[in-house]
Amino acid sequence: MQWMAGLWALAAGAARAQPDVANDLRPLIAELTGGAAVNPGRVRVETPRLADNGHSVPMKLVVESPMTAADHVLSITLLSPRNPRPLMARFVLGPRAGRAEILTRVRLNGTQAVLAIVQLSDGTFWSGSAEVEVTESACLDAG
Amino acid sequence: MVARVQVPSGAARGEVIAVRIAIQHPMETGFRYDLRGNRVSKNVINNLVCRYNGTEIFRAEMGSGIAANPSLQFYTVAAESGELQFEWVDDRGVRGEERVQLTVRG
Chain U
1 MQWMAGLWAL AAGAARAQPD VANDLRPLIA ELTGGAAVNP GRVRVETPRL
51 ADNGHSVPMK LVVESPMTAA DHVLSITLLS PRNPRPLMAR FVLGPRAGRA
101 EILTRVRLNG TQAVLAIVQL SDGTFWSGSA EVEVTESACL DAG
Chain S
1 MVARVQVPSG AARGEVIAVR IAIQHPMETG FRYDLRGNRV SKNVINNLVC
51 RYNGTEIFRA EMGSGIAANP SLQFYTVAAE SGELQFEWVD DRGVRGEERV
101 QLTVRG
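Protein sequences, first through last, are from chains U and S.
The first sequence finishes on residue 143 if you use the working numbering, and the numbering steps up by one all the way, no holes.
The second sequence finishes on residue 106 if you use the working numbering, and the numbering steps up by one all the way, no holes.
In short, the hints are calculated from the structure, not lab data.
It is possible that part of the hints are untrue.
Said to hold, decoys possible - Facing chain S, according to a computed beta carbon distance under 8 Å, are these residues of chain U, among others:
#, residue
1, Ile29
2, Leu32
3, Arg44
4, Val45
5, Leu74
6, Pro84
7, Arg99
8, Ile102
9, Leu103
10, Arg105
11, Gly110
By construction, the Cβ of each residue, glycine as well, lies at the ideal position given by its N, Cα and C atoms.
Bound conformation, chain U alone (with noise of 0.2 Å):
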């Protein structure tokens, strides 16, 4: 049962390395949006359920969006409330892209819902989130 112990020693060491505090995403998505509403919809984020290990987590973001020049997706922002940079990625599209749908691969530091805030060209702003349980964080060899 030794390694059992050494086991937990690890734990205790990447707990102590990682206080796990949820990230304040508010003054964030403020300064994304310049202060305006945000409406929960028309932005889809999918990932596994579960996840094995945090360190690259296949992530699918849809937007229900014509994309036309008219009507059309500016840009999708990714903000995670468990990383240490909760800002993780932006991504700018316009019309040209013809759908709204981006393919990636992230990095969680622990179960956590990560959430999507979308920029349409009517300046509306909305958001979508997935929860993504992760067993294994991104940031264990942090410590």
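We have chain U; now place chain S onto it with these hints.
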């Protein structure tokens, strides 16, 4: 930096096509230590632009929240035959570039 871009071999005019790029890059978070205990400084590809015959169609501003060897897939309307040009830069200022030809029928 080695990169691979994938586009369909041909497309009909007006068709929405998937564009994929994968770049070999560690995307260092800045939270890791090396074997000597020194912190490895943050180094990620912070900006990637894709231009279609010179017009910007996609941009990604990335942080440490994107996994190592970043892979992106997005879409574009096949408007005319020509070139998709990718340009990116990391925190150390190292630049990368990749071009791919696209043939549009009709």
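Do the hints match the structure? See the list:
The beta carbon of U:Ile29 comes no nearer than 16 Å to any beta carbon in chain S, farther than 8 Å, and the hint placing it at the interface is violated. The beta carbon of U:Leu32 comes no nearer than 12 Å to any beta carbon in chain S, farther than 8 Å, and the hint placing it at the interface is violated. Of the supplied interface hints, the one on U:Arg44 is violated, with its beta-carbon coming no nearer than about 15 Å to a beta-carbon of chain S, more than 8 Å. Here the hint on U:Val45 is broken, as its CB sits about 13 Å from the closest CB of chain S, past 8 Å.
For U:Leu74, the shortest C-beta to C-beta distance to chain S is roughly 11 Å, which exceeds 8 Å, and the interface hint is violated. The restraint placing U:Pro84 at the interface with chain S holds, with a minimum CB-CB distance near 6 Å, inside the 8 Å limit. This hint holds: U:Arg99 has a C-beta 4 Å from the nearest C-beta of chain S, less than the 8 Å allowed. About 5 Å separates the beta-carbon of U:Ile102 from the nearest beta-carbon of chain S, less than 8 Å, and the hint is met.
A distance limit of 8 Å between C-beta atoms decides the matter here; for U:Leu103 the minimum to chain S is near 4 Å, and the interface restraint holds. Nearest Cβ of chain S to the Cβ of U:Arg105: about 4 Å, under the 8 Å cut. The hint holds. With its C-beta approaching chain S no nearer than about 13 Å, U:Gly110 sits outside the 8 Å limit, and its interface hint is violated.
The earlier numbered hints that this structure contradicts are 1, 2, 3, 4, 5, 11.
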